[in-house]
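Peer 1: The lines below spell out each chain.
2 protein chains.
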Amino acid sequence: MTRSADARTPLSPTPRSTVTRSKERARSDRAELDAVLDAGLICHLGVLLGGAPVVLPTIYGRAGDTLYLHGSTGAGNLRAAMAGPISVAVTLVDGIVYARSAMHFSMNYRSAVVHGRAVEVTDPAQRVRALEVITEHAAPGAWSRVRPPSKKELAATMVLALDLTEASVKVRSGGPNDDAADIETGGVWAGVLPVRQVWDAPIGSADLDPGVEVPSDVLDRTDRTLIPVR
Amino acid sequence: MTRSADARTPLSPTPRSTVTRSKERARSDRAELDAVLDAGLICHLGVLLGGAPVVLPTIYGRAGDTLYLHGSTGAGNLRAAMAGPISVAVTLVDGIVYARSAMHFSMNYRSAVVHGRAVEVTDPAQRVRALEVITEHAAPGAWSRVRPPSKKELAATMVLALDLTEASVKVRSGGPNDDAADIETGGVWAGVLPVRQVWDAPIGSADLDPGVEVPSDVLDRTDRTLIPVR
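So the sequences go chain by chain: V and S.
For the first sequence, my numbering gives the first residue as -2, with consecutive numbering after it.
For the second sequence, my numbering gives the first residue as -2, with consecutive numbering after it.
Mixed in with the good hints, there may be bad ones.
Each pair may be met inside one copy or between any two copies, as identical chains are not told apart.
In silico SDA-like links for lysine to any residue, alpha-carbon gap of 25 Å or less [to be verified]:
hint, residue 1, residue 2
1, K20, A72
2, K149, R22
3, K20, N105
4, K148, E181
Simulated from the structure, these hints should not be mistaken for lab results.
Could you build the full structure based on these sequences and the hints that come with them?
Peer 2: Here it is in structure tokens:
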């Protein structure tokens, strides 16, 4: 399943995946799309419901050129996602950009938006593989040590695949783009307040056997030099 | 402009704002909607473009019963947002839920989804007030110490208002909902790996006057006991 970045389908901009505002923030390298998708925790899925767009947060995973989504077979949003065009956005906020003038305040971010039509994954082996990809995205290293899906669980689950061909990536980084006159006037602080996500210490389930230790795939994810145990 | 939570318009569920999956996660208290919107940094705006949903990350702000969005008058997404129905989602991820079985992995989150039609804000005073709300959402306390928008900047900016009446809030918290049989089998760690956003030390702009200190509204936002200065 693993392909090198070179072998992957390049980003193919269409009118809706072509960045029209702040073009200097657009990225055309396919590896940057993968990097944003792999760094995000959730995506925002846009579907059409009764002719109106509906945006819903959901879990996802990526393997090669495919983004996988899943949910209950009874979920209206997934049925809508199968019936029409969809849009999926993954955004990482990296900082608040403080400027010398109100209109130049901004955010530093990495953002990927994918457009297309989702296809239901029906092949049994591919379905299990897709669920592994989604689980490993949320909890890397966990799949192999937990109970795999039962036939009943699989029957109640819908898995969708979205091709990553039609996508755009935007990145903003660095300080504010203040007007020369405002910089010259001086006296006002300008810069970036960085923001990032950190893991806190894992909290064992209330019904956990006392003898079971936190596995390394969970513990290694936390940065124990930064995060105090509560 | 400020109203008490009691005086606010209650959440009025319509078919598209009624939670149909995992109903136990739905919240009906209007104050919970405000809390999620106020805690988020960005929203994901869903608009219709050429009959397809397009999801885009964008900055926002809330005042009372109104969500404000802004952008360039030339931005296609804002023009689309004015022309048809929109959906706005704000999601905060609070943790990864590790379960004893693959299908019970989940995320803890707080999520708000608003549906409706945006109205362009044209009244000059209300436009400036809306931009203040958006700026103060991203950078609380900054508006009063930076240069206000010029007439030229205001003319190039579109401000949209979205009523918060048609909205839904979902919250998941706590540990995994494992099957009794898997809990009884035992031996597998289960629990929550909490995640949260932290501010790092502010980075002054490269062209900042050496004498200008970091203002208290920026510095007070950082938690200096947790975040090492880089």
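Peer 1: So, for every hint listed, does it hold in this structure?
Peer 2: Consistency of the hints with the structure:
no. : hint         : verdict
1   : K20 to A72   : between (37 Å within a copy, 12 Å between copies)
2   : K149 to R22  : between (46 Å within a copy, 24 Å between copies)
3   : K20 to N105  : within (15 Å within a copy, 35 Å between copies)
4   : K148 to E181 : between (68 Å within a copy, 20 Å between copies)
Violated hints for the displayed structure: none, as all numbered hints are satisfied.
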